[in-house]
Amino acid sequence: MMKIKNNKNISNVHRVVALNKKKGQVEIVGLLIIVIMISIILLFALKSMFGQNKNTQSKYIQSTIASSFVGSMLNTNSLCTKDTNMEKVLIDCAKHPTTGGSTEFKCGDDGMKSCEFAGLIIEGMLNDTLKVWKRPYEFKVKSPEEGIIIENLHFNYTFKNEFEGSSLTTFVQPLQVDTSGYRTMEIILCVGGICEI
Amino acid sequence: MKKQSQMKIGESMVIIIIFLFLLVFGLVFYVKYKLISVESSAKENANLIAIQTVQKIQFLPELQCSIEGTINYNCIDIYKLASLSELSEEKKGVYESMFPKTKISVKQTYPTYLEWDVYGKASITGNKHLFPIPFAFYNTTANQHYFGYVEIQVFI
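Protein chains in written order, with the numbering used here: chain A, 1 to 197; chain B, 1001 to 1156.
Hints may be right or wrong, so weigh each one.
As the list claims (entries may be wrong) - Per label pair, the in silico range of CB-to-CB distance:
(1) B:D1117 <-> A:D83: 30 to 36 Å
(2) A:G124 <-> B:D1117: 20 to 26 Å
(3) B:S1083 <-> A:N152: 38 to 44 Å
(4) B:G1026 <-> A:I10: 46 to 52 Å
(5) B:T1125 <-> A:K47: 29 to 35 Å
(6) A:G111 <-> B:T1140: 27 to 33 Å
(7) B:E1115 <-> A:G111: 29 to 35 Å
(8) A:G24 <-> B:G1026: 27 to 33 Å
The set of hints was computed from the structure by calculation and includes no laboratory data. Ideal placement from N, C-alpha and C gives every residue a C-beta, glycine not left out.
Let's have the full structure, built from the sequences with the hints guiding it.
Take a look at the structure:
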């Protein structure tokens, strides 16, 4: 009789142990589900944070703006003399960087030299376009010998969020200063920020 | 036994509340993410239309300037531009498939300010995306180039 009672007790203990084991397994599965859920949420969050589209189209538009600006500006008649476009004025400035331009060019009502005149006209053009469109920029011209001859034409704008602005685009237009082709000046326009070169 | 059951019910409730909180947080995050992605895809779409429009304008014989037979890109002939902008709405209808959801205006800024409305139906609606691109303008009679820009408005 005593043996039967003992056996009954043992089987009860086994049942409790089995029940506890099952409960533990269920809890582990629950924990696993929570871990999987959190991992999925984290992955999703990371993807949305770092997987932003590079937006090549915006970059293309920005580089089109930079190249179109320089190309159109160089073609534009300077009104300095009847047949001189901005390209000729800038070349004259690059040829005579120390004097600020040759004596051939007397531009505007004040008879300005080519460097001063070019700087003034280009600043006006930039103000009417890139500044109005709230696109940060920096414009400079490098002569073959003297380095930068036109500078301090820049505009900075703080964007409200990262989607509004875009990355820096640098456009460099080389121009031959003389027919030999050895002396080359550079017209540099950075759009989207201040130049890094 | 009763107290243990109450504890169990309390535990279950806390779990449900945490689960609901996670669900709501996830939903809010997902909706916000979706809104941003919809916005950015609309912008991408507008960018694409703007790029296409710029390229079409550059190669459009009705606007393109040529000097002694050589085509000058990034340049608009002022006389062609004036003629095109003066066309009636009906005649401009042929450009509808070429410039969908788009309004095009041209602004000359140097040496003097001038403005032309080239194309665009008044009835176009949607979110406006603005794309201005600098251009040179050629005056054939004076043989002079001026400076300005083409403003492309895309409605998505």
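Evaluation of the provided hints:
Roughly 32 Å separates the CB atoms of B:D1117 and A:D83, a value that falls within the hinted 30 to 36 Å. Between A:G124 and B:D1117, the C-beta spacing of about 24 Å keeps the proposed range 20 to 26 Å intact. The hinted window of 38 to 44 Å between B:S1083 and A:N152 holds, with their beta carbons roughly 41 Å apart. Hint check: B:G1026 to A:I10, Cβ distance near 49 Å, so the stated range 46 to 52 Å holds.
Range check, B:T1125 to A:K47: Cβ separation about 34 Å, and the 29 to 35 Å hint holds. A beta carbon spacing of about 30 Å between A:G111 and B:T1140 agrees with the range 27 to 33 Å that was offered as a hint. Judged by the Cβ atoms, the range 29 to 35 Å given for B:E1115 and A:G111 holds: they are separated by roughly 32 Å. Range check, A:G24 to B:G1026: Cβ separation about 28 Å, and the 27 to 33 Å hint holds.
In the structure shown, no violation is registered for any of the earlier numbered hints.
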